[in-house]
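A.B. asks: My request is simple: use the sequences and hints to build the entire structure.
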Amino acid sequence: MNKFLIGITVLIIVSTVAQSFLPWWVIIPIGFVTGMWYQGKIIKSYFLGFIGIFFLWFLAASLFNALNGGTMAPLLGNLFGNLPGIISLLMTGLIGGLIGGLSVLSGTLFQSLLDK
Amino acid sequence: MKLLRFLLVFGITVFIAYFLDHKIPLGEKPIPPLGKILNPFQGLWQSGEGENFQNQTLTHHSLSDDVRIVYDQRKVPHIYASNLEDALFAQGYVEAADRLFQLDFSTRATAGRLSEILGKKMLDYDKERRRFGMTLAAENAVQGWKKHTELFGTIEKYCDGINAYIDGLSPNEYSVEHKLLGIKPEKWTPFRSALFFKSMAEVLCSRETDVASSNSLKYFGKEIFQDLYPEINEKESPIIPKNTKWTFKSLFTEEGDLLEELSYYEDLRTSRPNEGIGSNNWAVDATKSASGYPIFCNDPHLGLSLPSIWYELHIHTPEINAYGVSFPGMPGIMIGFNDDIAWGETNVGHDVMDWYEIKWVDEKKEQYYYDDEKKDIELKIEKFKTREGEVFYDTIRHTVWGPITYEGVDEEYKDLAMRWIAHDEPLQPEFMTFVNALSCKNYKEYLKATEVYSAPAQNFAFASKEGDIALRVNGHLPMKKNQQGRFVSSGDQSMNAWKGFIPRSQNPQVLNPERGFISSANQRSADIDYPYYYNGGFEDYRGRSVNQHLENMENITAEDMKNLQWNSLNIKAQEAYPLMMNLLSDVNKYNHKEILKKLENWDFYYRQDSEAAMVFEFWWQEFYKGTWDEIYEIQDSIKILYPEAWRTIEILRDHPTHQFFDIVSTDMVETATQVCNNSFMKAMDRYKDRVEKNKGVTWGDYRKINIMHNLDVPAFSVMNIVTDGHPSSINATNWSFGPSWRMIVELGESPKAQGIFPGGQSGNPSSPYYKYSIEEWSKGEYHTLEFPHDPDEIEALFEIKMTSNE
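Keeping their order, the protein sequence lines are chains A and B. Each residue of the first sequence is one higher than the one before, counting from 1 in the working numbering. Each residue of the second sequence is one higher than the one before, counting from 1 in the working numbering.
The set of hints was computed from the structure by calculation and includes no laboratory data. Some hints could be false.
[What the hints assert, rightly or not] List of simulated lysine-lysine pairs, DSS-like, C-alpha gap at most 25 angstroms:
(1) Lys3(A) / Lys2(B)
(2) Lys2(B) / Lys44(A)
(3) Lys688(B) / Lys598(B)
(4) Lys562(B) / Lys771(B)
(5) Lys41(A) / Lys2(B)
C.D. replies: The following block contains the structure:
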């Protein structure tokens with residue numbers, strides 16, 4: 001398995017465990033360390049974090065939404081302005097992805113500082 | 001370069017994350033902390049509620065035995081316990097489970113603590129709550145309750161139930177609203193139950209017009225004042241039937257009246273209870289019902305909200321089998337029934353909030369005159385924390401009358417102290433009223449059970465399987481001199497105080513009246529021959545409508561009662577209409593034939609599909625404004641009382657050339673004829689405007705009901721509901737209030753009951769049980785209310801099994 005996929009997998013697993021008892025922003029240090037280890041190109045690093053956390057948050061939100069009767073997605077869609085439920089799930093993914101991507105990128109950039 | 005790049009990216013990451021974790025104060029609608037509320041592990045995704053429920057168990061030291069709670073298909077909990085205390089623990093638990101945010105938020109609001117969670121913009125609201133003495137009232141209540149040590153344990157059990165639910169919550173299980181606001185639920189105490197009770201007092205018994213009445217008296221002088229604002233409506237149909245003989249004399253012997261002119265006051269009160277709020281209850285006896293048993297009905301018209309102010313539940317113990325609605329936050333069932341009796345309340349309009357002008361010794365406002373003494377003020381400092389982290393203080397001066405609620409803004413205006421019945425320490429444990437009622441079997445027991453009640457005074461209606469029907473104006477009613485409390489009084493004389501309370505046995509009441517029914521709809525309690533003086537705000541049409549209908553009804557069934565609760569006949573329109581039509585000119589009649597035809601065929605019912613109802617409503621509104629244009633114009637500089645509708649109609653009938661029909665802005669001298677025609681034209685303009693803008697021209701198109709969430713969030717609210725009714729009709733619906741619970745109980749060997757409120761059991765906006773019954777309610781439909789002795793007869797949605805761990 002290539003490093004990119006390993007990175008995503010580890011990021012997802014560690015974030016899932018950590019977030020069940022720590023605040024949501026624990027994904028920043030986790031992403032940061034992942035980035036330090038990954039040391040890829042800027043775009044790739046960013047996407048590793050983005051894709052990893054996007055999918056984690058999107059899928060986890062979809063799962064909890066479904067477990068609780070599927071009623072939260074349409075309610076949040078309404079709350080954000082008459083949007084269909086899927087938009088609130090995608091928004092959740094995007095917000096997670098944005099922070100995930102930036103965190104992994106930060107880690108990679110930090111590692112390249114040390115390498116000097 | 002590399003360092004800069006890293007710092008930039010990392011900085012942006014932390015910056016964005018910070019804002020996703022904190023509320024962004026962007027004008028009126030701040031952006032919620034999206035990271036916090038959307039992250040799937042702690043955020044809102046954890047708070048959804050669907051239709052699949054798991055059975056639950058709970059072990060708690062506060063219980064003495066097992067409790068089984070079976071939720072039925074509408075999510076109504078049926079509590080089966082082996083004693084009252086355990087049942088009340090369970091009541092607290094189920095109310096918290098469904099309504100925790102409502103409980104938590106409403107009592108923080110009453111305590112004047114909303115700035116803590118909503119920010120500085122709520123500071124004025126909070127200050128007014130504290131100056132109203134809401135916390136003082138609740139503290140006094142708890143102090144009084146505590147003197148009844150054993151019974152106090154009962155309310156503590158109820159609080160334990162609420163706290164058992166709160167203690168069992170992990171932060172990711174907090175309610176949608178708690179998460180959106182980023183707050184934790186606070187522990188429940190008897191003090192918070194008292195706060196809830198006092199918030200009801202504010203809604204129900206803080207109605208007064210003392211400042212406006214004083215201004216009107218001074219502005220118009222006695223003669224005009226008495227002409228515009230008489231107290232007695234000759235057409236009134238009081239709660240206690242007119243021919244009732246009073247077998248006692250008044251204990252109050254002071255002569256004279258308090259129709260005194262003091263000065264002008266500024267109206268500084270910003271929050272007033274909605275004027276249309278009221279209720280109906282009635283019962284017919286065996287002579288009127290088809291079944292040979294009484295039928296009992298009650299529909300309280302409180303503000304409509306989501307979640308509803310009511311919560312349905314069934315309580316079963318070896319001594320109790322009762323069903324009905326509670327106010328989450330108070331133990332017991334406010335409006336309900338058991339195997340033997342049915343009970344319910346409507347509000348009493350007696351004025352129990354009076355204002356006293358304080359005469360200061362000097363500008364320091366540390367001493368005031370009271371009889372010939374100089375009395376020291378008692379200072380209380382109130383602290384307000386805001387969400388923004390600031391702290392504010394307000395110093396409230398307390399007098400013998402009560403807190404100085406309003407301080408005049410310039411030297412001319414005087415400071416007013418509040419005397420309010422809700423501040424009094426209760427002598428009896430009033431919270432037991434609706435707990436005691438659960439097990440009553442007959443009127444004697446019910447009378448005793450409800451004797452502990454003090455304020456806000458209510459018309460307690462009753463019916464029993466044995467065949468009794470009864471109604472009692474229940475609560476503390478102050479003894480007053482003629483006209484006392486209608487106006488601001490001078491606070492420098494002790495003789496202006498209330499002179500004690502009417503003995504409970506002399507409160508207006510009636511048992512099994514000859515006419516075969518009892519009823520109340522917020523009208524005056526008794527006819528003018530009732531030995532005590534009282535004033536206040538009373539309804540003038542609904543009660544007449546109820547009584548007229550019930551007098552003419554025979555062989556009554558539950559179906560007839562449904563029709564009566566749905567009845568939208570407006571007697572006000574019925575009486576004003578012929579007078580106004582008579583004055584309409586031929587030109588108007590010729591030019592508006594179409595609409596007039598609709599008006600001519602109208603039966604005065606405010607049905608949703610009636611065009612005539614909307615047109616007449618416009619006409620009446622314009623007519624009223626045109627008649628009292630003098631009063632409308634002066635409001636900006638001084639608050640003057642608006643005359644009541646019934647008096648306006650009476651003046652139109654008897655004095656069509658009354659000076660007030662003159663329109664001030666013209667040189668001519670107008671009479672009722674001009675006002676009628678002008679207002680008709682205006683109404684036609686409004687009608688045509690709606691036609692042109694395609695807005696719809698039926699009553700239902702115009703008058704739509706919004707049932708708003710506690711936080712006014714549109715996504716959590718249901719808006720633009722179309723239904724029948726008018727505040728002056730029995731079906732007393734209006735823009736934001738209406739029959740918040742409709743109940744009909746046919747007593748008998750085993751009572752049959754139906755009921756509905758516009759909303760559902762769940763307070764979770766994502767739940768299918770949140771907006772549950774609104775559509776059925778808007779069509780006048782009911783649910784059958786089941787209260788079996790055997791829990792296994794219930795088709796269960798899920799169950800909670802509670803056990804004691806002692």
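A.B. asks: Verify the proposed pairing of Lys562(B) with Lys771(B), using a straight-line Cα cut of 25 angstroms.
C.D. replies: holds (22 angstroms)
A.B. asks: Going straight from one Cα to the other, do Lys2(B) and Lys44(A) come out at no more than 25 angstroms?
C.D. replies: Measuring from Cα to Cα gives roughly 18 angstroms; hence the hint holds.
A.B. asks: Is it true that the CA of Lys3(A) sits at most 25 angstroms from the CA of Lys2(B)?
C.D. replies: holds (24 angstroms)
A.B. asks: Given the proposed pairing of Lys41(A) with Lys2(B), does the C-alpha separation stay at or below 25 angstroms?
C.D. replies: holds (14 angstroms)
A.B. asks: Decide if the proposed pair is consistent with the structure: Lys688(B) and Lys598(B), CA atoms, cutoff 25 angstroms inclusive.
C.D. replies: Given pair Lys688(B), Lys598(B) holds - Cα atoms ~15 angstroms apart, limit 25 angstroms.
Every hint from the earlier list agrees with this structure, and none is contradicted.
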